[in-house]
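**Q** Here is how the chains run, residue by residue.
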Amino acid sequence: MAYIKLDRLTKRFGKQTAVSELSLEIKENDFVALLGPSGCGKTTTMNMISGLLNPDSGKVYFDGREMNEVPPGRRGVGFVFQNYAVFTHMTAYDNIACGLKVKKVDRNEIERQVMTFAKLMKIDHLLRLNAGNLSINDMQKVALARTLVTKPRILLLDEPLSNLDAALRNVMRAELKRIHLELGQTTIYVTHDQVEAMSLADKIAVMNFAVLQQFDTPEEVYLRPKNLFVANFIGSPTMNFLQGTYRNGEILLKDFPDGRITLSSRNRSQVDGLLRHERVTVGIRPEHLEVVDREKTSALTATVVSYEPLGSETIVYLKTPGGGENILKSIMDSDYRTELNTRKGLKFEESNLYLFDDETTELVMKF
Amino acid sequence: MATITLEHITKRFGKVTALKDMSFEVQDGEFFCILGPPGAGKTTTLRTIIGLEIPDEGNIFIDGKRVNNIHPSKRDIAMIFQNLALYPDKTVFENIASPLRRMDLEEEEVDSKVRTVAKQLRIDWLLDKTPGQLSGGERQRVAIGRAIVRKPKAYLMDEPLANLDALLRLEMRVGLKELQTSLRDTFVYVTHDQVEALSMADRIAILDRGSLQQIGSPEEVYYRPENMFVAGILGNPSMNFISSSLSQQNGDLLIRHDSFIAVVEKKGLGEVLKNKVKDNAQIIFGVRPEDISIFFAKPVGVSIPAEIYVTEPLGNKTIVDIKLGNEVIKAVTRTSFTGKPEQKVWITLKDSKLHLFDQKSGVCVVHSDEKTPLKILTQRSRT
Numbered sequence: 001m002a003y004i005k006l007d008r009l010t011k012r013f014g015k016q017t018a019v020s021e022l023s024l025e026i027k028e029n030d031f032v033a034l035l036g037p038s039g040c041g042k043t044t045t046m047n048m049i050s051g052l053l054n055p056d057s058g059k060v061y062f063d064g065r066e067m068n069e070v071p072p073g074r075r076g077v078g079f080v081f082q083n084y085a086v087f088t089h090m091t092a093y094d095n096i097a098c099g100l101k102v103k104k105v106d107r108n109e110i111e112r113q114v115m116t117f118a119k120l121m122k123i124d125h126l127l128r129l130n131a132g133n134l135s136i137n138d139m140q141k142v143a144l145a146r147t148l149v150t151k152p153r154i155l156l157l158d159e160p161l162s163n164l165d166a167a168l169r170n171v172m173r174a175e176l177k178r179i180h181l182e183l184g185q186t187t188i189y190v191t192h193d194q195v196e197a198m199s200l201a202d203k204i205a206v207m208n209f210a211v212l213q214q215f216d217t218p219e220e221v222y223l224r225p226k227n228l229f230v231a232n233f234i235g236s237p238t239m240n241f242l243q244g245t246y247r248n249g250e251i252l253l254k255d256f257p258d259g260r261i262t263l264s265s266r267n268r269s270q271v272d273g274l275l276r277h278e279r280v281t282v283g284i285r286p287e288h289l290e291v292v293d294r295e296k297t298s299a300l301t302a303t304v305v306s307y308e309p310l311g312s313e314t315i316v317y318l319k320t321p322g323g324g325e326n327i328l329k330s331i332m333d334s335d336y337r338t339e340l341n342t343r344k345g346l347k348f349e350e351s352n353l354y355l356f357d358d359e360t361t362e363l364v365m366k367f
Numbered sequence: 001m002a003t004i005t006l007e008h009i010t011k012r013f014g015k016v017t018a019l020k021d022m023s024f025e026v027q028d029g030e031f032f033c034i035l036g037p038p039g040a041g042k043t044t045t046l047r048t049i050i051g052l053e054i055p056d057e058g059n060i061f062i063d064g065k066r067v068n069n070i071h072p073s074k075r076d077i078a079m080i081f082q083n084l085a086l087y088p089d090k091t092v093f094e095n096i097a098s099p100l101r102r103m104d105l106e107e108e109e110v111d112s113k114v115r116t117v118a119k120q121l122r123i124d125w126l127l128d129k130t131p132g133q134l135s136g137g138e139r140q141r142v143a144i145g146r147a148i149v150r151k152p153k154a155y156l157m158d159e160p161l162a163n164l165d166a167l168l169r170l171e172m173r174v175g176l177k178e179l180q181t182s183l184r185d186t187f188v189y190v191t192h193d194q195v196e197a198l199s200m201a202d203r204i205a206i207l208d209r210g211s212l213q214q215i216g217s218p219e220e221v222y223y224r225p226e227n228m229f230v231a232g233i234l235g236n237p238s239m240n241f242i243s244s245s246l247s248q249q250n251g252d253l254l255i256r257h258d259s260f261i262a263v264v265e266k267k268g269l270g271e272v273l274k275n276k277v278k279d280n281a282q283i284i285f286g287v288r289p290e291d292i293s294i295f296f297a298k299p300v301g302v303s304i305p306a307e308i309y310v311t312e313p314l315g316n317k318t319i320v321d322i323k324l325g326n327e328v329i330k331a332v333t334r335t336s337f338t339g340k341p342e343q344k345v346w347i348t349l350k351d352s353k354l355h356l357f358d359q360k361s362g363v364c365v366v367h368s369d370e371k372t373p374l375k376i377l378t379q380r381s382r383t
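Protein chains in written order, with our numbering: chain Z, 1 to 367; chain D, 1 to 383.
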């Protein structure tokens with residue numbers, strides 16, 4: 001159990017800056033996800049926390065103590081990787097026990113500990129089997145138990161679910177979350193999958209091009225993304241974006257030559273106070289964009305190009321009248337059906353809109 | 001434009017039977033998806049249609065004509081692979097034109113055909129570039145353009161979107177469906193991704209270990225799966241399977257679980273169930289996550305006591321893992337969810353959306369629907 005502080009960490013590989021001026025404070029017992037596309041610096045960050053990499057500048061602290069000079073083996077961190085690296089010729093039991101054997105723990109104590117964690121992982125009935133004969137899911141559980149049993153101060157997980165198939169991933173996600181709940185280990189979890197980050201983490205650090213974009217709870221990151229990158233990266237299907245120009249309480253939209261969004265007077269005065277540039281992007285999440293018959297709305301219309309009946313919901317795709325490449329997405333009820341190539345009205349609440357400054361890409365306000 | 005018919009196709013590789021007695025018909029102008037996990041026989045099916053594999057038994061017909069002995073190049077079908085196999089040293093124009101070069105056409109005609117196709121796929125501004133200069137999605141469109149340009153009878157696609165990132169995959173999904181709708185050609189599309197199948201297909205064939213499990217429209221296979229395999233492969237999170245047992249009491253059919261007892265009305269479902277399963281049979285109760293409602297206080301009417309295991313917020317919805325007896329099932333709520341782990345809750349199941357499967361065979365015995373709902377009439381108290 002430990003709290004972690006990263007103070008302006010920077011790491012370069014040749015001319016490439018992998019992590020730039022990263023500062024983070026991770027509370028004891030928190031589950032933090034490092035989220036971003038490949039190459040954003042998330043694994044490099046994790047490797048600097050574990051000590052596998054030394055930062056070019058900046059400091060790593062555990063419980064207030066500087067760790068930069070402490071070798072990885074002495075930092076008290078436990079790893080689980082994407083390729084679980086279990087010893088396939090050994091039984092599941094011996095795999096889990098090996099970390100304790102190295103530490104010369106008493107035999108009875110080893111057995112007690114292995115059983116505790118095997119039960120927690122629901123693999124106690126598999127302990128006599130060779131690890132090589134287990135399913136991929138169970139192998140990953142063995143790898144996790146093997147790390148947890150050594151009671152590391154900090155648990156580092158690098159995309160541990162990405163080799164599993166979709167159904168198993170769903171099950172393991174819930175199991176991981178439950179295990180963290182019961183053990184309360186400070187955990188850092190590297191992933192490129194926003195669903196994993198959202199569902200598992202207490203807080204998410206979203207990274208892009210070596211730079212931390214936002215560090216917040218899943219709810220905050222989803223409801224109040226700090227900039228266009230975060231807004232676009234979190235949520236599936238992704239947020240709809242409409243470029244436009246703000247003038248006198250109205251947003252003229254590029255994709256809607258005849259349409260505009262007129263703000264209520266309260267929001268107008270707020271925007272007037274906050275906005276520095278007139279070029280803006282309006283964001284609206286697909287679940288807040290409703291497709292209705294044309295008569296039912298005055299403002300914006302678009303043409304249905306496709307819809308996807310996904311069973312639990314239907315996603316409708318629409319082309320804007322401006323003729324651009326921008327395709328809008330709307331989540332409708334599972335029984336929604338429509339003719340293709342028909343013109344429909346778009347309905348949304350002003351309170352569900354996001355306004356981004358196009359020049360800085362920062363969120364100006366969430367209405 | 002073509003109808004493709006498979007009639008009792010069996011294909012073996014040594015001792016492994018890759019396809020077992022496979023029969024189906026792809027209709028003219030249809031977007032037909034073949035869905036299954038790795039090793040299900042999807043790619044073998046495609047390769048058999050195009051003629052890269054010769055079936056050990058059975059016949060293949062294209063537009064009613066048996067093609068078993070016809071060379072792949074004479075079947076007039078285009079195939080698009082996951083690795084696009086573009087010519088890296090040729091321009092986009094030459095890549096798209098390559099099938100036409102074998103046809104002895106006037107240069108003007110080649111030019112006009114390539115430009116028409118490129119425009120349709122919105123890559124006309126890239127014609128002078130080479131594949132290395134393009135993004136993944138653009139390369140994909142070049143491969144599709146090369147297939148379209150010679151106007152084959154049908155298109156076969158083997159996981160064409162699998163190498164693309166999530167955002168691009170979504171965009172291409174919409175683009176492909178739009179393309180097929182405008183071409184009105186026959187598409188046979190292989191995928192292991194249920195979202196791709198549900199979102200694009202007119203009909204889906206679901207395969208498991210070489211055998212056909214079910215064919216139907218996305219709605220049919222999602223709402224009325226014929227067995228547990230089909231029920232489990234569709235939907236994310238997938239259907240919950242709850243083990244229970246069937247018994248009779250005073251002429252009523254009862255489905256017993258640790259946490260609830262469902263009484264099946266004699267008329268309708270009861271009759272069907274009685275004829276299809278033996279007394280005391282083990283029954284699997286199937287319910288999709290979106291058909292479960294969660295209450296913090298006991299609601300009016302019958303509800304099942306349960307406990308929250310963990311919650312997984314996803315922004316626009318929350319997956320709630322619920323402990324029901326010794327099992328953990330998943331429910332999906334649309335809005336933000338305030339429940340906490342270990343909190344006691346009550347759940348109800350949508351009685352028109354339940355499925356009962358025979359545990360031994362995995363076959364679906366009964367689907368409930370609005371006309372014949374499956375009512376859970378009693379509950380067991382928390383123990």
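No lab work stands behind these hints: they were computed from the structure.
It cannot be assumed that every hint is accurate.
Pairwise CB distance ranges, derived in the manner of DEER restraints [stated by the list, open to error]:
(1) M90(Z) to D202(D): 26 to 36 angstroms
(2) L129(Z) to Q343(D): 47 to 57 angstroms
(3) A85(Z) to G132(D): 31 to 41 angstroms
(4) P88(D) to E21(Z): 50 to 60 angstroms
(5) E182(Z) to P88(D): 32 to 42 angstroms
(6) N248(Z) to G301(D): 37 to 47 angstroms
(7) K254(Z) to K90(D): 46 to 56 angstroms
(8) L340(Z) to E7(D): 31 to 41 angstroms
(9) D111(D) to K254(Z): 28 to 38 angstroms
(10) T130(D) to S236(Z): 45 to 55 angstroms
(11) P88(D) to N232(Z): 47 to 57 angstroms
(12) F209(Z) to R66(D): 31 to 41 angstroms
(13) R224(Z) to K274(D): 52 to 62 angstroms
Think about it this way: if two alpha-carbon atoms lie no more than 27 angstroms apart in a straight line, the pair counts; the simulated DSSO-like pairs of lysine-lysine are [said to hold, decoys possible]:
(14) K375(D) to K203(Z)
(15) K203(Z) to K323(D)
(16) K129(D) to K122(Z)
Every residue gets a Cβ at the ideal spot worked out from N, C-alpha and C, and that includes glycine.
**Q** Work down the list of hints and note, for each, if the structure agrees.
**A** Status of the hints after comparison with the structure:
Range check, M90(Z) to D202(D): about 51 angstroms between beta-carbon atoms, so the 26 to 36 angstroms window is missed. A C-beta distance of roughly 36 angstroms is found between L129(Z) and Q343(D), which places it outside the suggested range of 47 to 57 angstroms. Separated by about 35 angstroms at the C-beta atoms, A85(Z) and G132(D) satisfy the suggested range of 31 to 41 angstroms. For the pair P88(D) and E21(Z), the beta carbons lie near 39 angstroms from each other, so the given range of 50 to 60 angstroms is not met.
Range check, E182(Z) to P88(D): about 53 angstroms between beta-carbon atoms, so the 32 to 42 angstroms window is missed. Between N248(Z) and G301(D) the beta carbon distance is about 54 angstroms. The supplied range of 37 to 47 angstroms is therefore violated. In this structure the supplied range 46 to 56 angstroms is violated for K254(Z) paired with K90(D), their Cβ-Cβ distance being about 36 angstroms. Take L340(Z) and E7(D): their Cβ atoms lie about 33 angstroms apart, and the range 31 to 41 angstroms holds.
The supplied range of 28 to 38 angstroms is met by D111(D) and K254(Z), whose beta-carbon atoms lie about 34 angstroms from each other. About 33 angstroms separates the C-beta atoms of T130(D) and S236(Z), a value inconsistent with the hinted range of 45 to 55 angstroms. One distance hint, 47 to 57 angstroms for the beta-carbon pair P88(D) and N232(Z), is violated here, with the actual separation near 31 angstroms. Between F209(Z) and R66(D) the beta carbon distance is about 58 angstroms. The supplied range of 31 to 41 angstroms is therefore violated.
The supplied range of 52 to 62 angstroms is met by R224(Z) and K274(D), whose beta-carbon atoms lie about 56 angstroms from each other. The suggested pairing of K375(D) with K203(Z) is violated, with an alpha-carbon distance near 42 angstroms, which exceeds 27 angstroms. In summary, the hint linking K203(Z) to K323(D) is supported, as the alpha carbons are separated by about 25 angstroms, within the 27 angstroms threshold. A hinted pair counts as satisfied when its Cα atoms are at most 27 angstroms apart, and K129(D) with K122(Z) does not qualify at roughly 55 angstroms.
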